[in-house]
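Chemist: Spelled out, the chains give:
2 protein chains.
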Amino acid sequence: MNAFLDTLTDQDPLFVLAMGNTETGKIPGISAAGANPELTDYTPPADGELLLHGKCRSIDGVPITPDGIPTPAVISRAALNLLGTGTLLVDAGLNVTPEAPRVTLGGKAGGDIREATPVPYAEETYENARTLGKHLSRSSRPLVIGESIAGGTTTALGVLTALGYDAPVSSSLPENPLDLKREVVTAGLETSGMEPGEADPLEAVKEMGDPVIAAAAGLATGSETPVLLAGGTQMAAVAAVLARLDALDDVAIGTTRWILNDSSSDIEGLAAEIGVDLHATTLSFADTDIDGLRVYEQGVVKEGVGAGGLALVAEESVGRDAVQKETERVYRDLKE
Amino acid sequence: MNAFLDTLTDQDPLFVLAMGNTETGKIPGISAAGANPELTDYTPPADGELLLHGKCRSIDGVPITPDGIPTPAVISRAALNLLGTGTLLVDAGLNVTPEAPRVTLGGKAGGDIREATPVPYAEETYENARTLGKHLSRSSRPLVIGESIAGGTTTALGVLTALGYDAPVSSSLPENPLDLKREVVTAGLETSGMEPGEADPLEAVKEMGDPVIAAAAGLATGSETPVLLAGGTQMAAVAAVLARLDALDDVAIGTTRWILNDSSSDIEGLAAEIGVDLHATTLSFADTDIDGLRVYEQGVVKEGVGAGGLALVAEESVGRDAVQKETERVYRDLKE
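As given, the protein sequences belong to chains A and B, one line each in that order.
Our numbering runs 1 ahead of the 1-based position in the first sequence.
Our numbering runs 1 ahead of the 1-based position in the second sequence.
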């Protein structure tokens with residue numbers, strides 16, 4: 002239906018998952034990417050392991066929200082199975098090492114954006130990711146870039162605000178704690194002394210963001226082939242960085258219906274303001290028998306681990322029904 | 002000229018460089034991969050940086066032999082330029098971290114094979130590499146696998162001997178210290194209590210090899226696409242491991258003329274015994290103006306960093322003369 006998506010499905014993309022942690026993500030009430038804030042350190046490596054091995058190794062079971070909803074990595078895994086696409090894990094700054102091969106970029110986990118310079122390695126991470134993106138794209142054709150980081154929508158809001166976008170962001174929680182996120186971002190802006198709209202893009206990541214945004218932006222600018230930023234708000238923040246670097250050519254965002262339908266945010270407006278194309282999968286779990294998936298229709302979790310973008314590419318390739326069926330199969334396998 | 006090589010050139014391979022260090026490589030007189038034994042820790046990361054960035058970062062200049070001969074990575078870099086092929090660095094067990102993005106496999110640098118269990122992480126490294134090879138091959142099509150590790154022909158002799166091959170091996174030195182290598186291997190066999198020919202292949206790597214052989218073997222077995230093992234003796238050791246794992250389908254060795262012409266070794270006989278196809282580039286520096294390259298014709302250095310295999314693929318694609326010219330250009334650029 003779309004020339005960009007056609008290229009992506011025709012040319013065997015490589016999926017690159019940028020993983021990281023921040024202290025921002027451990028602020029109570031900020032994130033649902035883990036049963037409790039301390040467990041969020043295990044969520045990205047466990048997501049990565051699930052994609053590579055078909056099950057997690059750093060934890061028993063799979064990452065869940067405080068309400069027990071499973072990670073969107075089950076959707077990603079299903080889409081990757083259908084596409085026969087390989088996954089490369091990138092450690093942009095993790096607290097827990099995945100039990101899997103992973104690219105390291107020399108970064109470390111991020112701090113709390115309310116304090117000074119939470120992402121001191123932003124530039125090094127960006128530059129290393131740029132080199133990686135360049136080399137991977139040469140042989141792998143298109144890149145689909147996903148993320149796994151708790152508290153990522155808050156650091157995304159931080160970067161977007163620093164870059165002058167006044168956009169409400171989504172949340173993995175059923176009730177979006179937007180007031181808390183804004184409080185955190187406002188405190189961060191005060192600490193950094195940044196004037197919204199006047200920040201250099203990498204400075205914005207360094208002072209208000211997280212290592213995953215640095216890595217994803219570097220991968221995208223380095224790539225010589227089309228790039229699908231697979232995610233919601235966080236990939237909007239990446240796109241905002243790319244827009245400032247004049248590096249949005251052949252880049253689009255791919256996300257879920259649940260992000261599009263999130264009345265507490267406005268990703269379509271935000272993407273239009275940034276000037277990046279936005280596509281969404283039509284994947285729905287309205288008619289599934291599986292409770293843990295049907296609740297996605299109520300707006301919990303919504304996106305992550307590249308789920309939306311990967312489902313979109315898989316849907317283009319084999320149809321929506323196949324994506325739903327394979328996700329159900331992956332989910333059932335994990336429960337056994 | 003060859004269906005296997007045609008597939009490789011037609012399908013945009015990805016070059017994966019497995020890098021490592023061992024204490025074996027620091028035994029005086031064993032290796033020329035560095036101006037002195039202690040500097041060999043810097044050779045693999047510097048080789049990797051040269052391929053990714055066009056210059057080394059961990060050292061000034063480029064890795065050289067004790068006689069000042071430059072690393073074969075200049076040939077690899079030239080071939081990669083001509084092919085437009087991307088490079089992925091793999092840290093199989095390094096003492097010095099490269100200033101570049103690199104995949105880590107959870108291994109550590111190897112010990113001295115004269116002592117017990119010099120490669121304790123062999124199995125973990127192999128398994129992680131297998132996962133990586135599988136995922137990379139899905140999106141990247143064929144893999145060309147190279148190595149950079151000082152003392153690699155000695156650990157290769159160790160693995161080959163443990164697996165029952167009685168083959169003389171090549172050397173980066175003009176005078177092959179074969180007696181010294183055999184002494185080291187004999188001492189290693191005594192320590193490990195291994196009976197030549199009766200070892201399990203991964204046990205052979207663990208007791209007599211190095212982390213790079215573990216990584217290269219894992220990458221090759223994981224790959225679902227054709228694999229070119231780019232190297233000489235060391236890749237023969239990898240092929241020997243693969244033969245024991247019944248994983249030689251769609252695998253060939255690509256090396257240099259200088260390895261083929263090495264009268265102190267017999268790679269053709271060895272490859273035939275293992276049952277792996279062997280191809281060699283016709284690249285020659287007999288008529289070059291550049292002293293640092295012309296000495297390759299005297300049988301110093303001979304191979305490394307995937308030089309032979311990459312030159313072979315480039316030669317298939319753009320012809321031998323272009324490979325020579327581009328290598329001269331890369332060499333001159335580095336001297337400036």
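To be clear, the hints were calculated from the coordinates, so they are not data collected in a lab.
Predicted model, so just to flag it, every value in this text is computed and none were measured.
Heads up, some of the hints might be wrong.
Since the list can't tell identical chains apart, any single copy or any two copies may satisfy a pair.
Below, a list of computed lysine-lysine pairs in the BS3-like style, where the Cα atoms sit at most 30 angstroms apart [to be verified]:
#1 K326 to K27
#2 K109 to K135
#3 K135 to K27
#4 K109 to K326
#5 K109 to K56
#6 K109 to K336
#7 K56 to K27
#8 K135 to K326
Chemist: Work down the list of hints and note, for each, if the structure agrees.
Modeler: Evaluation of the provided hints:
| no. | hint | verdict |
| --- | --- | --- |
| 1 | K326 to K27 | neither (34 angstroms within a copy, 56 angstroms between copies) |
| 2 | K109 to K135 | both (22 angstroms within a copy, 28 angstroms between copies) |
| 3 | K135 to K27 | neither (33 angstroms within a copy, 35 angstroms between copies) |
| 4 | K109 to K326 | neither (38 angstroms within a copy, 42 angstroms between copies) |
| 5 | K109 to K56 | both (25 angstroms within a copy, 25 angstroms between copies) |
| 6 | K109 to K336 | neither (33 angstroms within a copy, 35 angstroms between copies) |
| 7 | K56 to K27 | within (25 angstroms within a copy, 40 angstroms between copies) |
| 8 | K135 to K326 | between (35 angstroms within a copy, 24 angstroms between copies) |
Violated hints, in rising order: 1, 3, 4, 6; the structure is consistent with all others.
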